[in-house]
Structure formats: structure tokens, C-alpha cells
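Q: For the record, the sequence lines run as chains A and B.
Be aware that the first sequence starts at 11, since it is given in the numbering used here, and climbs by one per residue.
Be aware that the second sequence starts at 158, since it is given in the numbering used here, and climbs by one per residue.
It should be emphasised that the hints constitute simulated quantities derived from the structure, not laboratory data.
Where hints are given, some of them may not hold.
[Unchecked claim] Only some residues are given here: those of chain A computed to face chain B with a beta carbon under 7 Å:
| hint | residue |
| --- | --- |
| 1 | 119 |
| 2 | 123 |
| 3 | 133 |
| 4 | 140 |
| 5 | 230 |
| 6 | 231 |
[To be verified] Covered by chain A, according to a simulated footprint, are these stretches of chain B (three or more residues, beta-carbon under 8 Å):
| hint | region |
| --- | --- |
| 7 | 253–262 |
| 8 | 379–386 |
Note that the Cβ used here is the ideal one computed from N, Cα and C, for glycine as well.
Each chain is listed here by its residues.
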Amino acid sequence: MEAVVDELPVILGAFWLTVKLTVVSGVISLVWGIVLAAMRVSPLPVLRAAGAVYVNVLRNTPLTLIIVFCGLGLGTVMSVQFSRDDLSLNSFWLSIIGLSAYTSAFVCEVVRSGINTVPLGQAEAARAIGLTFLQTLRLVILPQAVRTVIAPLGSLLNALVKNTTVAAAIGVMEAALRMKNLFDAHGDAIIPIFLGFAAGFVVLTLPLNLLSGRLARRLAVVR
Amino acid sequence: MTEISGSDPLVRLEGVNKHFGPLHVLRDIDLSVGRGEVVVVIGPSGSGKSTLCRVINRLETIDTGTIVFDGRELPAEGRALARLRSEVGMVFQSFNLFSHKTILENVTLGPTRVRKVARQQAEQRGMELLERVGIATQASKYPAQLSGGQQQRAAIARALAMDPKMILFDEPTSALDPEMVQEVLDVMTGLAKDGMTMMVVTHEMGFARRAANRIVFMADGQIVEEGSPSEFFTQPSTERARDFLSKILTH
Chain A
11 MEAVVDELPV ILGAFWLTVK LTVVSGVISL VWGIVLAAMR VSPLPVLRAA
61 GAVYVNVLRN TPLTLIIVFC GLGLGTVMSV QFSRDDLSLN SFWLSIIGLS
111 AYTSAFVCEV VRSGINTVPL GQAEAARAIG LTFLQTLRLV ILPQAVRTVI
161 APLGSLLNAL VKNTTVAAAI GVMEAALRMK NLFDAHGDAI IPIFLGFAAG
211 FVVLTLPLNL LSGRLARRLA VVR
Chain B
158 MTEISGSDPL VRLEGVNKHF GPLHVLRDID LSVGRGEVVV VIGPSGSGKS
208 TLCRVINRLE TIDTGTIVFD GRELPAEGRA LARLRSEVGM VFQSFNLFSH
258 KTILENVTLG PTRVRKVARQ QAEQRGMELL ERVGIATQAS KYPAQLSGGQ
308 QQRAAIARAL AMDPKMILFD EPTSALDPEM VQEVLDVMTG LAKDGMTMMV
358 VTHEMGFARR AANRIVFMAD GQIVEEGSPS EFFTQPSTER ARDFLSKILT
408 H
């Protein structure tokens, strides 16, 4: 137990990195996922096809492969760099690319299912007053669609919190990798350290679930 | 045929055909609607009345033929089509008010986003229109909190907010409880009196007699007969129309 207390600043630092990974890739996934959903319902066959290919490829590839590709493929082979001298910053952003690319595919499908719950008449009424396709989507369809899928989006965010641990694969010193390092340093305190980290994740995810449940009820669209 | 204002109709359909798969829903439709004219379209269900209404603002595309609105052929898509639609109001059977917006927001969305009217000005005009249709006190409520009749009147106000050259009514009272039909018809009758160009698909024969300049009777995707309400209801010239009228006017 002392090991946990002694290493608390290190543990909190690692979780702070987990939070940063979650928030940044969460925001990017949400925006990019909504754009993908818009592509998949657009009247242009090219955009629909591109969206469908993207979603099906990313959704059906293991996250570990995507993150490793971002680290080695983008980072090492294609020399995508975010910082010349700070290697950890580099792998931080490369892992965010991977996490966002992956999570956005799921966001797209959740948002698209939300779009399907909006009655066709809403879009017809929007078009009938002269709104363009994008205005119809932005002002009428998406606000209703997103409100109906807040709970499933919350689950995706919850999964994302835990998926950030895969960034360990390319050396991002987030909670999981830090835990492994602490195991090496404190071989006698593996169970307490493990429990400490597990509790840390629960502290992050539980409020998220409560919040999304409450938001979903508050923002529900009454028909 | 009663042409209200001269030789330049607001809408002219020529040789319009439309299929839904194997179903031929509009067959060689020729029809003009004059400026200020109120045309009521009646006929048995499945006769293509609603589709006729919906092709005029291109919510449905047509296979062949031409539709000219206000001197120009209907644009196929894009901004030009959006602009055309902003000039043609539409009132739906199921109201289709935007569920996530208040009644006033429903009425101001078009003016602010399509016409770029300032919010304050749009809200002032919106309240005037809600006053006109008798639901100003409901302005800050959401559609689901209103009765069907109130929702449909809000939908009419939403259409009016765009200052349309014409309003299409697609069975506006068919989804209403009987006691709410009259309040909606009253608003529509008022519009007709004020000179709004209207095409109304309806089963309300009382309204058709009272407010229509011309009745168009459709069956099986064709215009079977058209004429003034007094002619049509007292001495229809086709067997099909006589048969239809005998079925709906006896009960």
C-alpha cells in the first residue's frame, strides 16, 4: 500500500495523460464521426462510398494494429513529426491520430443510427422551407439525432477511456504503461498497485456514465 | 376553367408523368394554377393527389414532362431548388414541425436561415403570424405540447413566414381529431379570402365548396374532371366523379 502512496504523484501524472488522450481524441472523434455520418447520408454516391469504406475498414481493424501503424508507419516510416526533439510528444499525437481514426468510425455508426430515428417528415419540412442539404442536416436532423444517441455516445467515450491504454504499445506513458513500470520497481506490491490503477479507471469512467445518462434524459426530444 | 389573373399562370404542369416502380402514379398531367387561385384536388386514395402536390416543390421528382413555376422551369437541385422551395410553402398531413424547436423557433428558422432576416425582426413577424393563426400564447412551447389543430396552425404560420407565392396543402386535416378540423379550415379559408394562391389536397368537401375557385378530380393518376365547385358538386360530367361523390356525400 505504501508503494501506491509513495508513487502517487507518478500515478496521477500517468492518469493525467490518460485524461488528455481521452479528451483530445474524444473531441476529434466526435467531430470527425459526425462528418463521416453526414457523408454516409449525403446525396453524393462518392461521399457515401468513401464513408462506408472508411468505417468498415477502421471498425474491423484491431485498435492495437492501428496504433502500431500510427507509431511505426506514420511516425517512423513516413516521418510524421509533431515535435523535433520531444519524442513522447510525438508518440502522444500519433496515438491520438490512431485513437480518433478508430473511435470516429464507431461514432459515425451511432450518429447514423440516430439519424435513422428522425422521421422523414422533418427533413421534408426543412427542405420545403428552402434549407439546403447541409442546413437541413445541421439545423434539423443532427440536433435531433445526436440527442437520441447521447447514451450510446457515452458508452463509446467510456470505451475510449480504456482504449487509451493501447497507446502504451508505442511508448506513451499513460496509466497502463506506467503501471507496468511500477510493477518492475515494486515487485512486492503488484496487487495494491494494480488495484490502485483499476480504481483510477473506475473514477474516470463512472461519472462519465452517470453524466451521459442524465444528459440523455434531459435532452430527449419529445415527439 | 377559371383563370383568375390573365394568361400568366403561377404554376403550369405539362405532360407530367411519374412512376413509383411499376405504379404509374401521375399520367400525362396538364394543369395550371393562376395567381390568387385556390385549387382543391379531390379523389379516391391512391389516385395521385398527394404526389401531384409534392412534385410542385420537387419533394418528388418527375419522370417526364415539364413544370414551370412563376415563369421558370423547376430547378433540378442545389441552391436554385432551395430558393424555389422557399417561395412555395407546404403544409403536411403530419404537421412535421421541428420537434426540438419551440413554436416560435419553428416559424423563424426559415426567415433567419434562408432569407437572412435579423432574428428580432423575424421574431416580431413570427409573433404576428402566430397571432393571425390564433396560437400566439403557445409561442414558447414545443410542438409535442400542442394539440394537433394547434400544431397544424403553427405549420401554416411557418409556411407563411417565408412570404410564399403559393402554399401547397397535402391533406392538412386528415390527421386531426374531428373537433380540431374546423379551426384549421378557418385559417385556410381566411388565407384563400386574402388572395393566397393555394393547392389543397383534401377530403373536406365543405371547404372545397366554400373556398375553392376550381375543383380538380383525380383518379388512377389522371385528372378526370375539373370545374367550378358549383358545377362539379351539382352536375359532375363523368361517371367516375359521380360515383366518387355518391360515396362520400351520402354519409
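Q: Are the hints correct? Go through all of them and say.
A: Consistency of the hints with the structure:
no., hint, verdict
1, 119, "violated (22 Å)"
2, 123, "violated (17 Å)"
3, 133, "violated (9 Å)"
4, 140, "holds (3 Å)"
5, 230, "violated (10 Å)"
6, 231, "holds (5 Å)"
7, 253–262, "holds (count 5)"
8, 379–386, "violated (count 0)"
Hint check: violations occur at hints 1, 2, 3, 5, 8; the rest are consistent with the structure.
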